[in-house]
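Novice: Listed below are the residues making up each chain.
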Amino acid sequence: MQGNITLGFYVPGQSFIHRLDPRTKILACLAMTMAVLFCNHPAGFAALSLVTLLALGLARVTPQLLLGILRPFGIFLVLALLLQLLFTPGRPLMMLGPLQLTREGVHFGFQLLWRLVLLIISGSLLTLTTSPLMITAALEDLLKPFRRVGVPVFELAMMMSIALRFVPTLLEEAQQIIRAQQSRGAAFTRGRLVQRVQGLVTLLVPLFASAFRRADELATAMEIRCYRPGANRTRMHQLRFHCRDYAVLAGTGVLFLIVLVMRWWG
Amino acid sequence: MILVEHLTHIYAPGTPLALTSLEDVSLHIEEGEFVVLAGATGSGKSTLVQHFNGLLLPTAGRVLVGGRDTRDKKVRRDLWRTVGLLFQNPEQQLFEESVFAEVAFACRNLGLDEKTVAVRACRALEMVGLEPDRYRALSPFALSRGQQQLVALAGLLAYQPPVLVLDEPTSGLDPAAREHIWQLLKKLQQAGHTVVVITHHMEDAARFAGRVVVLHRGKIYRQGTPRQVFSDPGGLRAVGLDVPMPCELMYCLQQKGLPVKSGIITLDEAELELKNLAMG
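So the sequence lines, in the order shown, correspond to chains A and B.
The opening position of the first sequence corresponds to residue 1 in the UniProt record's numbering, with each subsequent residue numbered one higher.
The opening position of the second sequence corresponds to residue 1 in the UniProt record's numbering, with each subsequent residue numbered one higher.
Think of the hints as simulated: they come from the structure by calculation, not from any bench.
Values in this document were obtained by computation on a predicted structure and should not be read as measured data.
Honestly, I wouldn't trust all of these hints.
Said to hold, decoys possible - If you only want the chain B side, here are some residues facing chain A, beta carbon under 7 Å, derived:
| # | residue |
| --- | --- |
| 1 | Thr41 |
| 2 | Asn53 |
| 3 | Leu57 |
| 4 | Pro58 |
| 5 | Trp80 |
| 6 | Gln92 |
| 7 | Gln93 |
| 8 | Phe95 |
| 9 | Phe105 |
| 10 | Leu112 |
| 11 | Phe208 |
Where is the CB? At the ideal position from N, CA and C, for every residue including glycine.
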C-alpha cells in the first residue's frame, strides 16, 4: 500500500465538484488550462487563483491533500523557478558569482511557477474528483463528433477504460509474483547487479505472460457477449447536464474570454 | 520447528482499507509433523503460511522458525532455504524457457554446482511423476495447468528445504495425480521433512494429516488429530468446510439412533463398522 498520493489518484466523495458531470469538469479544466497559459496580467492571475481556490474549497480538498498533490512536483517546480531566475537577461538586481539575478528573471520566474501550480491543481482536481471510468465515458462523449473524420472514438475509450481497470490488478499480480520468486531465492533488492537484473526477469516474464493471457481471455469474454465497437450501447450511468453544469461552464467560459481580452487588448 | 505466538496480521493498517486477516493466532508446528490447514476462502490460511517464510511480517506477535525470529532481516533473507513455500498459482512463477531450468532455479540460487543441480532436478521431476526425458526440454508455458503445478512442485522438492509448505498443491490435478502427490508428501514426511498443506479436500486431510488446523475468520477454530476435528460435522459445516464422506455417513447413522462408533474417518473403517452393524 503506497501512502503517497500520485497523479491521477481518485478520492471518492459527494462534494459539489464530485457531482458535476464529468464532461463539464473536462471542459472546465481545459478552459482553465488555456486561460492559465494565455494569462499575462496580474489581475487575470488573481482571478484565476481565486477561482481555483473556490474549486478546491468546493471539492473539500484539505490543505494536507493539496500539499500531497504538489509534493511530487516539488523538484521540478524549484528547478523551473531557478532556471528562469538565473538565466533571464535584463536589468540586473544583484550578482551571484558569474550569474546575475534580473528584474525580468524574478518576474518571469514567479509567473512560471504560479502558472505551473495552477495547472497542476486544476488537472488534479479533475482526476481527484472523477473516477477513471467517468473520465473515459466523458471523453467518449466529447470526442463523438470526431467519428465523422474516422477517429475510432469508441475503441479508444474502451482501450482506455480497460487499461485503467487493469492497473490495480497487475500491481497486485506483480506483488504475488515477487513473493513467489522470493520464496525460491530470487534476489530483487540485494546482491550484485547481475542478480538484480535476473530478479527482474523472473518478475517480468510471468507478468507479461499473465497480461497476455488476461487480454486473450477478456477478448473471448467480450466476443461471446457479442461486443461490437460503436454499437451504440446504452450506459448504466447516463451522463446528463444539470443547472450546476451550465453554471460552471458559463463561469469558466466567461473567465477564459476575460483573460483573452486582457491579453490582446488590455 | 515453527512457533507462532499471538500473531495478528492487518493488511494496510491505518488506512480506510485496513483488513484484519489474522487475529491472535498461536500455533506450534513440530519438526517432522504433517499438518493440514483448512478453512473457508478468506479465513487467513494463505496469510498465515506467508509468515512461515518471512514474506509477511506480524503486525503484532511473533513467528519463530527454528528458534529464530522472522522479524530479523538477516534471518529472513535465508529463510527460504529452510521453509520452502509453494504458491497456489504456478503461472505466477514460471519464467524459464525449459522445464528443466524452471525446476533447477531454486537449486541454482542455493549455489550448488551444475552436476548436483541436474541430478536433483531430474529426480524431482521423477518424484512428481513427470518423466525427465520427455519433459525437461519443453517450455513450461506449453504445459497444462496441472502439469505446470507439478513443475512448480518439482522446483520446490529439488532444493530440498526441511520444511515444505504447500498452498493447495493438488487443485487442478486429476484424481490419480492428486493421490500421487499426497502419497509423495507422506513419504517426504516419513523421510524427515516437516509438511504443511493447505487444502479443501477433507478426505485427503483425514487420510494423511497428523494434525488438522481449522481457521475461521482469522482465528483458530479447532485443531487436533483428524479424528478429533472431524467428530463434529455440524460445526465444521458452519465455518464453510466439508467433512470426509465416511465421517458424514457415520454421523448420519448415529443421528438415526444406530449404534455406530464415532470418530471414523476412512472408508476402510466405515466398511468394517457397517459390517459389524449388519452382523448385529
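Novice: Next step is simple, just say for each hint if it's right about the structure.
Specialist: Hint check results:
1. Thr41: 16 Å, violated
2. Asn53: 6 Å, holds
3. Leu57: With a closest approach of 13 Å, the leucine 57 of chain B hint is violated.
4. Pro58: Given a least distance of 16 Å, the restraint on proline 58 of chain B is violated.
5. Trp80: 5 Å, holds
6. Gln92: 5 Å, holds
7. Gln93: 4 Å, holds
8. Phe95: Phenylalanine 95 of chain B check passes; min Cβ-Cβ to chain A is 4 Å, inside 7 Å.
9. Phe105: Phenylalanine 105 of chain B check passes; min Cβ-Cβ to chain A is 6 Å, inside 7 Å.
10. Leu112: Violated - the Cβ of leucine 112 of chain B stays beyond 7 Å from chain A, reaching only about 11 Å at its closest.
11. Phe208: Nearest chain A Cβ about 23 Å off; hint violated.
In summary, the structure is inconsistent with hints 1, 3, 4, 10, 11 from the numbered list given earlier, while agreeing with the others.
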